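A.B. asks: The chain contents come next:
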Amino acid sequence: MQGQAIQIIHAYKQAPWRVQRQYVGAFLLVVIVLALVAALYLDVTARAAVAGREIQELRFEITTIQRSNADLETELANLTSTAVMQQRALELGYRPVKPGELDYISVPGFVTPEPAILLAAEDAQLHSQALPMEYTQSLLEWVDERIKFGGVQ
Amino acid sequence: MRQQYAIRSWVLAVGLAIVGLAVIVQMIRIQNSEQAKIFLSQGDLYAGEFNTIYPERGEIYDRNGHLLAGNRTVYEVGVSLNDMEDPEALAYILGTYLGLTYEDVYNKLIDSPESWEYVVIQDYVGAETVTSLQQLAQQLDDADDESLHGLGFKPHFQRSYPENNLASNVLGFVTRDGRGYFGIEEKYNDLLAGNPVQVWIPRDPNKAAEIPRVPNGTSLVLTLNRDLQAKVENILDQSLTEYGAKNGTIIVMDPRNGDILAMATTPRMNLNNYADYFVLYDNGSQYNRAVGMAYEAGSVVKVLTMAAALDSGTVVPSTSFVDTGSIQVGGITIQNWDRQPWGQQDMVGCLQHSLNVCMAWIATQMGTQTFYSYMDRFGLGHRTGVDLADEAMGRLKVPGDSDWYSVDLGTNAFGQGVSVTPLQMLTAVSAVANGGHMVTPHVLYSMLRDSHQYNVPAQYAGSPISAQTAKTLSEMLAISLEQESSGALLPGYRVAGKTGTAQIPTDYGYDPNHTNASFVGWGPVDDPQFMIYVWLQEPSTSIWGSQTAAPVFSVVAEQTVITLNIPPDVVRNQFGSR
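Each protein sequence line maps, in turn, to chains R and B.
Residue numbering for the first sequence follows the numbering used here, beginning at 756 and increasing consecutively.
Residue numbering for the second sequence follows the numbering used here, beginning at 1170 and increasing consecutively.
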């Protein structure tokens, strides 16, 4: 009876080398998964680094352009200053008008213009919006957040 | 045998595990040691840097959008001492391009303290010079020449005034430390400068933390009309030459809302060279005489005396007064400007001939309390509240003051013993030009911030007289100008106004040889759209305001109606009747 039982166990028990292979397989599976996660993490990190660098460069570019705008506006004002415009007018043959030389015309519905609204002259400053979390969050931070908030933000 | 191998394996495994564990324990211990904290904090120092971001200073425009004060990029030129390869070459090149001596630059490069990593050679270097230096550095770099290694340029803004001298007395200036002095630049310095923000900028691009947006300083739109300002300054300069005056002031204001359209004074400075301030001015009150310098304006104050008398019911235009050439007030004899009697006069005649005796009589008829109450309501002795820095208050002695005497009632009535700024006087008289309502003069029209424009509403400083009094007095003053064929008259336009000729008080009494000539006027009388104040200091061709300040008023008024497109009265009435 006992001999029969041993025979049955031997018949169904896997060979030792097969068990070892299963352990090795499981171990390798874990290693591969970890390698995949690491590769993914590296990829995301690299992309975030590139995006961050691009953001830094864009900021620098914005600053440079704003400086350039200010310089150009001042230069334009220099070129159209009162003294320059008067000189140019005189060179073109104009002279100051005298009161008797003016004709006034009544234009029905005309309203004397109010001082100019200068929004166009004002630099429309960039309203930088908050960067999406995807650009600032590391993988670990993302996992941490998912664990803490259960995927609900 | 097999069991022996097993034991050895276990011993080896346990040994390695102990070593591994020891390594881990040591790692944890080191990580949490005091030294580790120090190293970590040192590491944080290199992880980024705190930067103070200074916003671009707000710009200043005239009411039509012409830029009066802007910004331009200049550079700080410096050398990174750790990257420097050839100090001799740097000293030679920088000395040549920046106008410095070789020794100065070389000593800066060599004698800098060891702890320094960067040394500034020169700041506020123009873009052209920097571009040349950058091109040279690039050429040398391309040729693998390291002579200029370490050279660096840090851009920043500098205030720039495209119109140079124009409205310098109104604008003020900004020094290199970024602070505004005088005028608008000082009064609105906080708004214009904005709020600097200190931010931590990490070097790790993974920590691309958002740098907060630093809004520019608020830009300002002024009530000034650039073209009119230029014309008025030109007229003022010509007037000083024509009448031999030492200095002068002209203000043009809209009496309906207190908008200052032009404000010219002398001397003016090129705001791009603010060091000239110390050459041109002895003290701050001279910078903008229109608001900073009080003086005895003389007979222009008679407008206020007459306004008070009419409004209080003391006199009416037809009230008769027999001028005997003198009057006793407080035991002191007061005489006319020509020391002559003018006989029987009505109130228009008193204004037309600018009779001191008549005005002193009116003041005595009003009584001390009534007279000074009105003068107080006209704002004499008080600041107008104009939005310009360094406004003077003037002085009106009143009963109860230690230096007030009874005679002051009579002399104050014709403008002696009362010190006012030109803008104070213009503000007070605005009650007459504006139907009894006195305006608060202002230079700021609106503010621009974050793409929004905030207009500044007009403010009123009370109604010292009734609308009827204002209308009556305007008519009286217009008639008085017309009857004397004043030099202030402007063909085609009916104007009202009053001259003033005032002796100049000194420590030894009144200067017998010099005067201040003034004129205050407005027009068109039936619909006042401009007020003008003229003050010429010590004119030498004539001491009289009627022969100096009055004609200047006329010229300024002519340019004002042209610039502001105000048609002649006839045309305007034709348009109005349609």
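If you're looking for bench data, these hints aren't it; they were derived computationally from the structure.
Keep in mind it's a predicted model, so treat the numbers as computed, not measured.
Glycine included, every Cβ here is placed at the ideal spot set by N, Cα and C.
A few of these clues could be false.
[Claimed, not checked] Calculated cross-link-like contacts (lysine to any residue; reagent style SDA-like; alpha-carbon spacing at most 20 Å):
id: 1; chain 1: B; residue 1: K1566; chain 2: R; residue 2: S823
id: 2; chain 1: B; residue 1: K1323; chain 2: R; residue 2: S823
id: 3; chain 1: R; residue 1: K853; chain 2: B; residue 2: P1736
id: 4; chain 1: B; residue 1: K1323; chain 2: R; residue 2: T818
id: 5; chain 1: B; residue 1: K1323; chain 2: R; residue 2: Q821
id: 6; chain 1: R; residue 1: K853; chain 2: B; residue 2: P1737
id: 7; chain 1: B; residue 1: K1323; chain 2: R; residue 2: F815
id: 8; chain 1: B; residue 1: K1323; chain 2: R; residue 2: Y796
id: 9; chain 1: R; residue 1: K853; chain 2: B; residue 2: K1323
id: 10; chain 1: B; residue 1: K1323; chain 2: R; residue 2: I817
id: 11; chain 1: R; residue 1: K853; chain 2: B; residue 2: W1369
id: 12; chain 1: B; residue 1: K1323; chain 2: R; residue 2: Q811
id: 13; chain 1: R; residue 1: K853; chain 2: B; residue 2: I1501
id: 14; chain 1: B; residue 1: K1323; chain 2: R; residue 2: R814
id: 15; chain 1: R; residue 1: K853; chain 2: B; residue 2: Q1407
id: 16; chain 1: B; residue 1: K1415; chain 2: R; residue 2: R814
[Claimed, not checked] Okay, the calculated beta carbon distance ranges per label pair:
id: 17; chain 1: B; residue 1: N1276; chain 2: R; residue 2: L831; range: 38 to 46 Å
id: 18; chain 1: R; residue 1: L783; chain 2: B; residue 2: I1207; range: 41 to 49 Å
id: 19; chain 1: R; residue 1: V898; chain 2: B; residue 2: P1384; range: 34 to 42 Å
id: 20; chain 1: B; residue 1: R1552; chain 2: R; residue 2: L831; range: 14 to 22 Å
id: 21; chain 1: R; residue 1: F865; chain 2: B; residue 2: P1365; range: 30 to 38 Å
id: 22; chain 1: R; residue 1: I787; chain 2: B; residue 2: A1216; range: 47 to 55 Å
id: 23; chain 1: B; residue 1: N1624; chain 2: R; residue 2: R802; range: 44 to 52 Å
id: 24; chain 1: B; residue 1: F1322; chain 2: R; residue 2: L789; range: 26 to 34 Å
id: 25; chain 1: R; residue 1: E812; chain 2: B; residue 2: T1221; range: 15 to 23 Å
id: 26; chain 1: R; residue 1: E889; chain 2: B; residue 2: R1552; range: 41 to 49 Å
A.B. asks: For every hint, state whether the structure bears it out.
C.D. replies: Hint check results:
no. : hint                         : in the structure
1   : K1566/B x S823/R             : violated (56 Å)
2   : K1323/B x S823/R             : holds (15 Å)
3   : K853/R x P1736/B             : holds (13 Å)
4   : K1323/B x T818/R             : holds (13 Å)
5   : K1323/B x Q821/R             : holds (15 Å)
6   : K853/R x P1737/B             : holds (13 Å)
7   : K1323/B x F815/R             : holds (13 Å)
8   : K1323/B x Y796/R             : violated (38 Å)
9   : K853/R x K1323/B             : violated (52 Å)
10  : K1323/B x I817/R             : holds (16 Å)
11  : K853/R x W1369/B             : violated (62 Å)
12  : K1323/B x Q811/R             : holds (17 Å)
13  : K853/R x I1501/B             : violated (51 Å)
14  : K1323/B x R814/R             : holds (16 Å)
15  : K853/R x Q1407/B             : holds (18 Å)
16  : K1415/B x R814/R             : violated (54 Å)
17  : N1276/B x L831/R: 38 to 46 Å : holds (42 Å)
18  : L783/R x I1207/B: 41 to 49 Å : holds (43 Å)
19  : V898/R x P1384/B: 34 to 42 Å : holds (37 Å)
20  : R1552/B x L831/R: 14 to 22 Å : violated (37 Å)
21  : F865/R x P1365/B: 30 to 38 Å : violated (47 Å)
22  : I787/R x A1216/B: 47 to 55 Å : violated (35 Å)
23  : N1624/B x R802/R: 44 to 52 Å : holds (48 Å)
24  : F1322/B x L789/R: 26 to 34 Å : violated (49 Å)
25  : E812/R x T1221/B: 15 to 23 Å : holds (21 Å)
26  : E889/R x R1552/B: 41 to 49 Å : violated (58 Å)
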